[in-house]
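> Sequence:
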Amino acid sequence: MTAKKTKHIGIECCRILAMLMICNLHVLGMGGILEKVDSQKDLYYIFANFLEAFSHSAVNIYILISGYVGLYSQFSYKKMFSFWVQIIFYTISITFVFAIFSKSSVNLSDWFSALTPISHGQYWYMSCYFGLVLIAPFLNQAVLILKKEQLLPIVSGAFIYFSVIPTVFKQDILGLWGGYSVLWMILLYTLGAIIRKSNYESRFQIRNVSGFILFLTSLTFILCWLGFEQWRSYISPTVTLQGIAIFLLFLNIKNLPLTFKKLVLLVSPLTLGVYLFHVHPLIFRRIIPTIHTLVEEQEFYMFVIIILVMTLILFFSGAIIEYFRNKLMAYILTLIKSFKNLKQT
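Under UniProt numbering, the first residue of the sequence shown is numbered 1, with each subsequent residue one higher.
Treat the hints as calculated values from the structure; they're not laboratory data.
You may find that some hints are simply not true.
[Stated by the list, open to error] With a cut-off of at most 27 angstroms between alpha-carbon atoms, the simulated DSSO-like pairs for lysine-lysine come out as follows:
1. LYS197 - LYS79
2. LYS327 - LYS170
3. LYS78 - LYS254
4. LYS343 - LYS327
5. LYS340 - LYS78
6. LYS327 - LYS340
Between the sequences and the hints, there should be enough to build the whole structure, so can you do that?
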């Protein structure tokens, strides 16, 4: 069975939202804002931590998307190589820019990591994702073979065993590493594939799902406020269910006005570049940690605006760079084809 190549506009919208949420997480967390407001327990604290509680399901959503769109896809070495080239472009080019313009030195270790980003874990998500891609064909086959009535008990059991139990008992004996692992990716990828096969999104009303998302976000926020920090991890039941609910909500978006649809289809393929740009270690560890200085001594409304604007700056900076990288790669491929044609004549 083959799937149509037409893109699901709801999924593309969800992809953009998920990356905006990731940028927001990094502004709040790595940017030092959460640490800055942690002792205040005032309106600043509530806003920053509630926003973080909402954004925490972003990575889970991204993996669910991979499972949903990947169910009927074929393994491709060409696609794997394309991912690797994309990663190498960012690791080398950003390291090169820092080596020229940054006052902080770029040492030999930085260059070695830039040249071997997967094996050195420059991007934890991509390192795990490469492992997931190798296993994905077997996961797809398993989901396609099993009957629908067999899938729900598997999903329910996995949720209890891999999400509820480790979170409630604060134990990681299963090696999930709080969701920073190939195993957690495998579980969510499989769930995304099951959702596609079973057409679960058609069984939920948008109003009910929206209310459920708000409830889960509030519950995560309250539990963390009470000191149960494990509930903010990727494997937390509230975070996991919230990610699933957001994903199901966007699956119900079937169409958009033409202009907005074109914009979504332009931006959504750029989202991986947004991640690779701003999570490059030299940006992630040297630039983003200074964001908290922008909100010092600010009124609440400016505090909110700065957080949202910095999230958008991270997103669109990466998107613009990825757009021109795509243009550059297309130009290089055109030159290569022209050279090959010239040799054949």
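> Quick one, are LYS327 and LYS340 close enough, alpha carbons at most 27 angstroms?
Holds, at about 20 angstroms.
> Is the Cα-Cα distance between LYS327 and LYS170 27 angstroms or less?
Violated, at roughly 47 angstroms.
> Hinted pair, alpha-carbon criterion (27 angstroms max): LYS78, LYS254. Please report holds or violated.
Violated: LYS78 and LYS254 sit about 30 angstroms apart, past 27 angstroms.
> CA of LYS343 to CA of LYS327, is that 27 angstroms or under?
Within the cut-off at roughly 25 angstroms; holds.
> Are LYS197 and LYS79 close enough, with their CA atoms no more than 27 angstroms apart?
holds, 24 angstroms
> Is it true that the CA of LYS340 sits at most 27 angstroms from the CA of LYS78?
holds, 19 angstroms
Checked against the numbered hints listed earlier, the structure breaks hints 2, 3; every other hint is satisfied.
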